[in-house]
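Undergrad: Line order of the protein sequences matches chains A and B. Residues 5 to 429 in our numbering are what the first sequence spells out, letter by letter. Residues 320 to 535 in our numbering are what the second sequence spells out, letter by letter.
For the record, the hints were derived by calculation from the structure and aren't laboratory data. Take the hints with a grain of salt, since some may be wrong.
Stated by the list, open to error - Simulated restraints on C-beta separations:
1) B:D384 x A:R234: 49 to 57 Å
2) A:H206 x B:K388: 21 to 29 Å
3) A:L268 x B:E345: 33 to 41 Å
4) A:N246 x B:E345: 36 to 44 Å
To be verified - Heads up, incomplete: computed chain B residues facing chain A, CB under 10 Å, no partners named:
5) G387
6) K390
7) M512
Backbone N, C-alpha and C fix where the C-beta goes; we use that ideal spot for every residue, glycine too.
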Amino acid sequence: MSHRPIKDALQTLQRHAEVIEQAVMGGTVAQDSLPKPAVQALRQVSALRPAGRDEWRLHPRLREYLQDHLQMFPKFQSLTDIGAKLNFIQMLHSDALSAVAERDYESLESQQAAIETAVFDIADATDRNLTFLAGMVSTRYGDVRTLAAKLAQNRWYLKQSNHLGQDLNRLGRVVSQVEKDAEERGWILAGLIRRVLLSKVHVWQLGLSDVQTQIREEIFRTRQMEANLRNLAKADQFLSQNPTWRGFDRDEDGLPAVFLRVSLSKLVPRIEPTDSDAGVRSDFRELVNALPLRKVMTAPIPAPVLQVCRSSDADEGEHLNAGPAALALGELMKSILAAEEAVSILDWRRLNASASQLLPGEWVFFAATALEAGPHRVDGKDVEFELEMLANPPAYGRRYSRTFRDARVTVLKVVPARGVKREAH
Amino acid sequence: MRLESALKLLAAGQFVCPVRFPDEFETLSSSEGSNKAEEWLGTIGYRLAQLGEEGAFFMAYSILDGEGKGKVREELKSLRDRLTPAVMFLETLRQAQSRAAQLQPGDEVVHSEVLERVRSNALLDRRIAEMREVHGARANESTADRLTKILDLLEQDGYLTLTNPSFKVYRITGKISYLYQVLAFMAENLPEMADTGVSDQMEDRQAPLSEAADDS
Chain A
5 MSHRPIKDAL QTLQRHAEVI EQAVMGGTVA QDSLPKPAVQ ALRQVSALRP
55 AGRDEWRLHP RLREYLQDHL QMFPKFQSLT DIGAKLNFIQ MLHSDALSAV
105 AERDYESLES QQAAIETAVF DIADATDRNL TFLAGMVSTR YGDVRTLAAK
155 LAQNRWYLKQ SNHLGQDLNR LGRVVSQVEK DAEERGWILA GLIRRVLLSK
205 VHVWQLGLSD VQTQIREEIF RTRQMEANLR NLAKADQFLS QNPTWRGFDR
255 DEDGLPAVFL RVSLSKLVPR IEPTDSDAGV RSDFRELVNA LPLRKVMTAP
305 IPAPVLQVCR SSDADEGEHL NAGPAALALG ELMKSILAAE EAVSILDWRR
355 LNASASQLLP GEWVFFAATA LEAGPHRVDG KDVEFELEML ANPPAYGRRY
405 SRTFRDARVT VLKVVPARGV KREAH
Chain B
320 MRLESALKLL AAGQFVCPVR FPDEFETLSS SEGSNKAEEW LGTIGYRLAQ
370 LGEEGAFFMA YSILDGEGKG KVREELKSLR DRLTPAVMFL ETLRQAQSRA
420 AQLQPGDEVV HSEVLERVRS NALLDRRIAE MREVHGARAN ESTADRLTKI
470 LDLLEQDGYL TLTNPSFKVY RITGKISYLY QVLAFMAENL PEMADTGVSD
520 QMEDRQAPLS EAADDS
C-alpha cells in the first residue's frame, strides 16, 4: 500500500501552515485575505471548508487535533462523546456474533479489528476528557472576566461531566458483555478489553467524581461571591437611605464569630503626668501655697507710637512727628520722581541712612503700603505711584505665594497741586 | 519568630491572611503554629478563629465575660460608623469593575484601570466627587486624587495591600471576608436589606388599593 497520498496531504498542510494557523486562531478567515494558490491547495486536501459566502473554516477534525495537541481550549469546550463509540461497539459486537453464526470469518476479523480501534479510541477519549476537566477545574477555567461567565462555565462543565458519568456507567455494562462473549469464544479481544477499558473504568469513575465535587464546590463559591457582592450593593443603598440607623441594639446570643473579634489596646507608657492623676493634686496644692503673694502691677506708660497717615487725611498745616521711616519715605518719593527707571525699595534702603535704621522686611512693608496709598504731595505735585510686587517663591507643596520680598516703584501719574497738602519730608 | 509576629498581629486585632501577611498565615496554618497560638491565646481568655476554611485568622473571645459582652454590644450599636466608609469605597470599586467585579481576597485593584472606568461613567465620577467619607478631601480636587485617597484609606483600613507602589497596584486582603460576613448578618437581620424587602413594600402599598376596590 502506497503512503504517497498521506505524505502529500501533510506536505500541503506544512506548506500553508500560516493559513492554517490563521484559521485556528480566528475561527473563520475571509476569502479575500488568503492567497488563491493556498486556498486551492488546502481545498484539495479538504483542510478548508466554506463557511458562509465569503469565509473559510478549518476542517473540524484538524482543528480538534491542533487544539488537543496545543491544549488550546475554548471557553465552552465539549467533551469527546464516547456514547456514540459505545453504540458503534455494540453494533459491531452484534454483527460479529452474527458472522460467527454464519461462519463468515472474514467479516468477523474486520469487525474485531474495528472493535479494537473503538476500544482504544474510547480509552483515549476518556483519559483526555478527564485530564481536560481536571485542568479546567484546577485553573477555575482560566481567564474568565465575569462572575456570570464563570457560573455559566460551571453549569456547562457540570452538565458535561454528568453526561460523561452516564457514559462511563454504560461503558462498564456494554464492554463487560462484549468481554464476556469474547472470552467464551476465546477471542484475543477479551484480554484487550479487560486491559484497556475494564481495569480503568473504576479509576475513571473515581476521578470524575472528584471533578464533579470540585465543580459543585466552585458553583457554591461563585454563588457565595454573587451573594457577597449583592449584600455589598444592598448595604451601600441601605446606609445611604437610612442615615439615622446606627447599628443593632441586641444581645450577643447567636452572633457570628466575626463579632467576637478582639483587638487589644496598645500599651503606651505615659511618662508625663496629667492633671487628673491622683498623686498630682496634692503636689499642686503645695505648689500653689508656696507661690509668693500677688503683686499689684502698675500699667506701663505707653511709648510713643509711630503713626503713618495718608497726607490727604491729615489736617492742613499739621506736621507729622517724623521718625526715620517717615523721613526715608519722603526721600524715597523724591528719588522715585527723579528716577527714569523703576526704583527697588529694598535696594534704595541700602543707600539711605534713615531707611537703614529699619529692618529690611519692616522697611519694604512700610514703604510699599505707604506708596500704594497715594496720591502723595511731592515737590508741590500730587503723585501716584505704581508698584510691582516681587513675590517670594511659593512654599514647598504650594502653588501660590502670599508674601513678597521687594517692590519696584514707578510714577503712575503726576498732577499739579491744587489745594494745600502736606509735603513729603 | 514568625509565630511571635503572628501573635502580635492577632493581638492588635489584625486579620492574618495569605495576601497581607503570608509568612504569619503560613505559620498559623501549620498544626504546630496553630496549636501554639491556641495555647497562648487560651491562657489569656481568647481563641484563634478563622474566616471560613481558608480565610484569614483573627483573635476572638473564648468565653464572653461582662466586659466582652459590653464591647460586643457597643460594636453592634456603632456598626454604621465602622462599616460606612469601607462599604461606600468597595461598592464604588464594584461599580467601577462592573460585570468583571469579584472583590475576592487576592484580586488586583489597579488605580489606572479603576480611574479609566470611573472617567467613562459620569454617575460614578459624581459619586466619587460627592463622597463625604473621604477624609482630607478637598472640594476642587481631581477624580484621580480622590480615588488615590480612597484606595489609601482602604489600605489603611486593611482591606487592600499595596503591591506595586509605582503603578499603584493593590491586592484585596482577606479582611474583606470579614466585611462580607458582617453584611450577610445585616442582610439576615434587617428587613430593608432582605431580598424580599422591595416586593413586601410594594405589596403593602398595594393593599389599600385593593381594599378600596373591594369597598367600591
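Undergrad: Restraint: K390 (chain B) near chain A, CB-CB cut 10 Å. Satisfied or not?
TA: holds (8 Å)
Undergrad: For the range 21 to 29 Å, tell me whether the beta carbons of H206 (chain A) and K388 (chain B) fit it or not.
TA: violated (56 Å)
Undergrad: Answer holds if the nearest beta-carbon of chain A is closer than 10 Å to that of M512 (chain B); otherwise answer violated.
TA: holds (5 Å)
Undergrad: Under 10 Å is the threshold here; is the Cβ of G387 (chain B) close enough to any Cβ of chain A for the hint to stand?
TA: Holds, about 8 Å.
Undergrad: Does the beta carbon distance between D384 (chain B) and R234 (chain A) stay inside 49 to 57 Å, or does it fall outside?
TA: violated (36 Å)
Undergrad: That 36 to 44 Å hint for N246 (chain A) and E345 (chain B) (C-beta), does it hold up?
TA: holds (42 Å)
Undergrad: Do L268 (chain A) and E345 (chain B) keep their Cβ atoms within the hinted range of 33 to 41 Å?
TA: At roughly 23 Å between Cβ atoms, E345 (chain B) and L268 (chain A) fall outside 33 to 41 Å, so the hint is violated.
Checked against the numbered hints given earlier, the structure breaks hints 1, 2 and 3 and satisfies all the rest.
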